[in-house]
Amino acid sequence: MAMAALRREGKRFALSSPNPINVLRSSLAPSEEQMSLGVRGISTQIVRNRMKSVKNIQKITKAMKMVAASKLRAIQVRAENSRGLWQPFTALLGDIPSVDVKKNVIVTISSDKGLCGGINSTSVKISRAMHRLTSGPDKESTYVILGEKAKAQLIRDSRNFIELSITELQKNFLNYTQVSVLAEEILKNVEYDALRVVFNKFQSVVSFLPTTATILSPEVVEREAEAGGKLGDLDAYEIEGGETKSEILQNLAEFQFSCVMFNAVMENACSEQGARMSAMDSSSRNAGEMLDRLTLTYNSIVDDAECGAFNRLRIFGDLPRFGPASSNSIVGTQ
Amino acid sequence: MSSTAAVPFWRAAGMTYISYSNICANLVRNCLKEPHKSEAISREKVHFSLSKWVDGKPEKPNCHVYKLSCF
Numbered sequence: 001m002a003m004a005a006l007r008r009e010g011k012r013f014a015l016s017s018p019n020p021i022n023v024l025r026s027s028l029a030p031s032e033e034q035m036s037l038g039v040r041g042i043s044t045q046i047v048r049n050r051m052k053s054v055k056n057i058q059k060i061t062k063a064m065k066m067v068a069a070s071k072l073r074a075i076q077v078r079a080e081n082s083r084g085l086w087q088p089f090t091a092l093l094g095d096i097p098s099v100d101v102k103k104n105v106i107v108t109i110s111s112d113k114g115l116c117g118g119i120n121s122t123s124v125k126i127s128r129a130m131h132r133l134t135s136g137p138d139k140e141s142t143y144v145i146l147g148e149k150a151k152a153q154l155i156r157d158s159r160n161f162i163e164l165s166i167t168e169l170q171k172n173f174l175n176y177t178q179v180s181v182l183a184e185e186i187l188k189n190v191e192y193d194a195l196r197v198v199f200n201k202f203q204s205v206v207s208f209l210p211t212t213a214t215i216l217s218p219e220v221v222e223r224e225a226e227a228g229g230k231l232g233d234l235d236a237y238e239i240e241g242g243e244t245k246s247e248i249l250q251n252l253a254e255f256q257f258s259c260v261m262f263n264a265v266m267e268n269a270c271s272e273q274g275a276r277m278s279a280m281d282s283s284s285r286n287a288g289e290m291l292d293r294l295t296l297t298y299n300s301i302v303d304d305a306e307c308g309a310f311n312r313l314r315i316f317g318d319l320p321r322f323g324p325a326s327s328n329s330i331v332g333t334q
Numbered sequence: 001m002s003s004t005a006a007v008p009f010w011r012a013a014g015m016t017y018i019s020y021s022n023i024c025a026n027l028v029r030n031c032l033k034e035p036h037k038s039e040a041i042s043r044e045k046v047h048f049s050l051s052k053w054v055d056g057k058p059e060k061p062n063c064h065v066y067k068l069s070c071f
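The listed protein sequences correspond, in order, to chains H and S. Per UniProt numbering, the very first residue in the first sequence carries number 1; after that it's consecutive. Per UniProt numbering, the very first residue in the second sequence carries number 1; after that it's consecutive.
Worth flagging that the hints you see were computed from the coordinates, not collected in a lab. All C-beta atoms in this analysis are idealised placements derived from N, C-alpha and C, irrespective of residue type, glycine included. Hints may contain errors.
Estimated spans, in silico, between C-beta atoms of each pair [unchecked claim]:
#1 S/Ser49 to H/Lys11: 29 to 35 Å
#2 H/Gly84 to S/Val28: 15 to 21 Å
#3 H/Ala129 to S/Asn30: 43 to 49 Å
#4 S/Val28 to H/Lys11: 51 to 57 Å
#5 S/Pro35 to H/Glu191: 20 to 26 Å
Part of the chain H face toward chain S, derived, beta carbon under 8 Å [unchecked claim]:
#6 Asp112
#7 Lys113
#8 Gly114
#9 Gln178
#10 Ser180
#11 Val181
#12 Glu185
#13 Thr212
In silico lysine-lysine, PhoX-like type, Cα no more than 25 Å apart, as pairs [claimed, not checked]:
#14 H/Lys103 to H/Lys11
#15 S/Lys45 to H/Lys188
#16 S/Lys57 to H/Lys59
#17 H/Lys52 to S/Lys60
#18 H/Lys188 to S/Lys52
#19 H/Lys188 to H/Lys71
#20 H/Lys52 to H/Lys65
#21 S/Lys52 to H/Lys125
#22 H/Lys71 to S/Lys60
#23 S/Lys37 to H/Lys188
#24 H/Lys113 to S/Lys33
#25 S/Lys60 to H/Lys188
#26 H/Lys102 to S/Lys45
#27 S/Lys57 to H/Lys113
#28 H/Lys59 to H/Lys71
#29 H/Lys113 to S/Lys37
#30 S/Lys57 to H/Lys139
#31 H/Lys65 to H/Lys171
#32 H/Lys11 to H/Lys71
#33 S/Lys60 to H/Lys113
#34 S/Lys37 to H/Lys171
#35 H/Lys171 to S/Lys45
#36 H/Lys125 to S/Lys45
#37 H/Lys125 to H/Lys139
#38 H/Lys113 to H/Lys71
#39 H/Lys103 to S/Lys52
#40 S/Lys52 to H/Lys139
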């Protein structure tokens, strides 16, 4: 709804600027004023229309900023709490972006709506870089895209690498069940050795850090554990119950993916609202500056007009006619 | 080293750990008493629209409105 209003104002803005002739046709009384001024300078009608448009745009962007701020407040607490979900996993299984695997799947998280600054572009940039890094002679990588904005950008040059695309994620309130069902769908439909989730981590209202989280498939975890290094201590853990290690690793990997996705989706939603707040804020500020400049222009035109009227009174002894029965048409002598 | 140990029944039925834990969570939510129960049920709504891509072209998306509260 805000978008439609913005578009309306933009159209009115564009219409009011080029053609004074159309403007003349549209309103009667002020046109008299223009004609009596002669063809001197721009008419105030154009400037007034522009000022009205800009003021409306400023009101809309201010409202959008308030809405984004309130949504941010609601979701920020939940996002920070959700960080606790994946931290134990990272402590246990590690988060190794430099792992070398054959099949990579890059999960890019973006927003569905626009006007949120540059966060979607940075996500897509990182995804593309990751794709280049992880594609090689016997390696391949594909995309799973969440959100309309990344889909629109990645369609242009990576159509053939997209496996799944998911939209309309934020229709209801974000909750864990939704993201876990989504994660399950992804796991069912995609073969992978390593999943790399790309999202914008929410540091503060003005800073969003593009981040990657890496989740390895159980087989790769086994391989890395045997190879030593960060995962080498995995064998030090005892396994209770009747389950084998690969069984447990599989459960863990699935749950890890679900938790990491939840956190990533929430952080990205926070970053989206924060970025929208600052984008709308700078929009309002620009509109305010533009309004100041237009007001100065308007005042100078009106001053010119009054000056001209005063000069005419002084030289010709009469005031310019403003209309039929106007009280201004007093004929006076100097 | 193939494990001939019995896989859990849900894994044998084709479910992943995620769906298993979701069903368990749904059961727990249904055990709650009234004011908390409706809040908890509202936390379970799932809606997204997924579309698979074949050869660089998306197929028709299928909208996933998942209702777990059929138990």
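Hints versus structure:
Evaluation of the 29 to 35 Å hint for serine 49 of chain S and lysine 11 of chain H yields a pass: the beta carbon distance comes to about 31 Å. In this structure the supplied range 15 to 21 Å holds for glycine 84 of chain H paired with valine 28 of chain S, their Cβ-Cβ distance being about 20 Å. Range check, alanine 129 of chain H to asparagine 30 of chain S: about 46 Å between beta-carbon atoms, so the 43 to 49 Å window is met. Range check, valine 28 of chain S to lysine 11 of chain H: Cβ separation about 54 Å, and the 51 to 57 Å hint holds.
Judged by the Cβ atoms, the range 20 to 26 Å given for proline 35 of chain S and glutamate 191 of chain H is violated: they are separated by roughly 45 Å. Checking aspartate 112 of chain H against chain S by beta carbon gives a least distance of about 10 Å; that is not within 8 Å, so the hint is violated. A least Cβ separation of about 15 Å between lysine 113 of chain H and chain S goes past the 8 Å threshold, and the interface hint is therefore violated. The beta carbon of glycine 114 of chain H comes no nearer than 18 Å to any beta carbon in chain S, farther than 8 Å, and the hint placing it at the interface is violated.
At its closest, the beta carbon of glutamine 178 of chain H sits 4 Å from a beta carbon of chain S; the interface hint therefore holds under the 8 Å criterion. For the restraint placing serine 180 of chain H at the interface with chain S, the shortest Cβ-Cβ distance is roughly 5 Å, inside the 8 Å limit, so the hint holds. Given the 8 Å rule on beta carbons, the hint for valine 181 of chain H holds: about 5 Å separates it from the nearest Cβ of chain S. Taking 8 Å as the C-beta contact cut-off toward chain S, the hint placing glutamate 185 of chain H at the interface holds, the least distance being around 6 Å.
The restraint placing threonine 212 of chain H at the interface with chain S is violated, with a minimum CB-CB distance near 22 Å, outside the 8 Å limit. For the suggested pair lysine 103 of chain H and lysine 11 of chain H, the alpha carbons sit about 49 Å apart, so the restraint of at most 25 Å is broken. For a cut-off of 25 Å, the pair hint linking lysine 45 of chain S to lysine 188 of chain H stands: about 21 Å separates their Cα positions. Distance check on the hinted pair: lysine 57 of chain S and lysine 59 of chain H sit about 41 Å apart at the alpha-carbon level, beyond 25 Å; violated.
Between lysine 52 of chain H and lysine 60 of chain S the alpha-carbon distance is near 44 Å, which puts this suggested pair outside the 25 Å criterion. For the suggested pair lysine 188 of chain H and lysine 52 of chain S, the alpha carbons sit about 12 Å apart, so the restraint of at most 25 Å is met. Between lysine 188 of chain H and lysine 71 of chain H the alpha-carbon distance is near 33 Å, which puts this suggested pair outside the 25 Å criterion. A hinted pair counts as satisfied when its Cα atoms are at most 25 Å apart, and lysine 52 of chain H with lysine 65 of chain H qualifies at roughly 20 Å.
In summary, the hint linking lysine 52 of chain S to lysine 125 of chain H is supported, as the alpha carbons are separated by about 23 Å, within the 25 Å threshold. With a C-alpha separation of about 32 Å, the suggested pairing of lysine 71 of chain H with lysine 60 of chain S is violated against the 25 Å cut-off. For a cut-off of 25 Å, the pair hint linking lysine 37 of chain S to lysine 188 of chain H is broken: about 31 Å separates their Cα positions. Restraint check for lysine 113 of chain H and lysine 33 of chain S: the C-alpha separation of about 38 Å exceeds 25 Å, so the hint is violated.
About 18 Å separates the Cα atoms of lysine 60 of chain S and lysine 188 of chain H, which keeps this hinted pair within 25 Å; it holds. Distance check on the hinted pair: lysine 102 of chain H and lysine 45 of chain S sit about 36 Å apart at the alpha-carbon level, beyond 25 Å; violated. For the hint linking lysine 57 of chain S to lysine 113 of chain H, the alpha-carbon distance of about 22 Å falls within 25 Å, and the restraint holds. Of the supplied pair hints, the one linking lysine 59 of chain H and lysine 71 of chain H holds, its CA atoms being roughly 19 Å apart against a limit of 25 Å.
Between the alpha carbons of lysine 113 of chain H and lysine 37 of chain S the distance comes to roughly 32 Å, so the proposed pair goes past 25 Å and is violated. Between lysine 57 of chain S and lysine 139 of chain H, the direct Cα distance comes to roughly 23 Å. Compliance with the 25 Å bound is thereby established for this hinted pair. A threshold of 25 Å between alpha carbons decides the hint, and for lysine 65 of chain H with lysine 171 of chain H the separation of about 20 Å falls inside it, so the pair holds. With a CA separation close to 29 Å, the supplied pair lysine 11 of chain H and lysine 71 of chain H exceeds the 25 Å bound.
The hinted pair formed by lysine 60 of chain S and lysine 113 of chain H meets the criterion: a straight-line CA distance of about 21 Å does not exceed 25 Å. For the given pair, lysine 37 of chain S sits about 22 Å from lysine 171 of chain H by alpha-carbon distance, which is consistent with the 25 Å threshold. Among the hinted pairs, lysine 171 of chain H with lysine 45 of chain S is consistent with the structure: their alpha-carbon atoms are about 10 Å apart, no more than 25 Å. Restraint check for lysine 125 of chain H and lysine 45 of chain S: the C-alpha separation of about 32 Å exceeds 25 Å, so the hint is violated.
Annotation: proposed proximity of lysine 125 of chain H to lysine 139 of chain H holds, straight-line Cα distance about 20 Å (limit 25 Å). Taking the CA atoms of lysine 113 of chain H and lysine 71 of chain H, the gap is about 14 Å. The hint holds against a cut of 25 Å. Distance check on the hinted pair: lysine 103 of chain H and lysine 52 of chain S sit about 18 Å apart at the alpha-carbon level, within 25 Å; holds. Between lysine 52 of chain S and lysine 139 of chain H the CA atoms are separated by roughly 22 Å; this keeps the pair inside 25 Å, and the hint holds.
Going down the numbered hints, you'll see the structure goes against 5, 6, 7, 8, 13, 14, 16, 17, 19, 22, 23, 24, 26, 29, 32 and 36, while the others check out.
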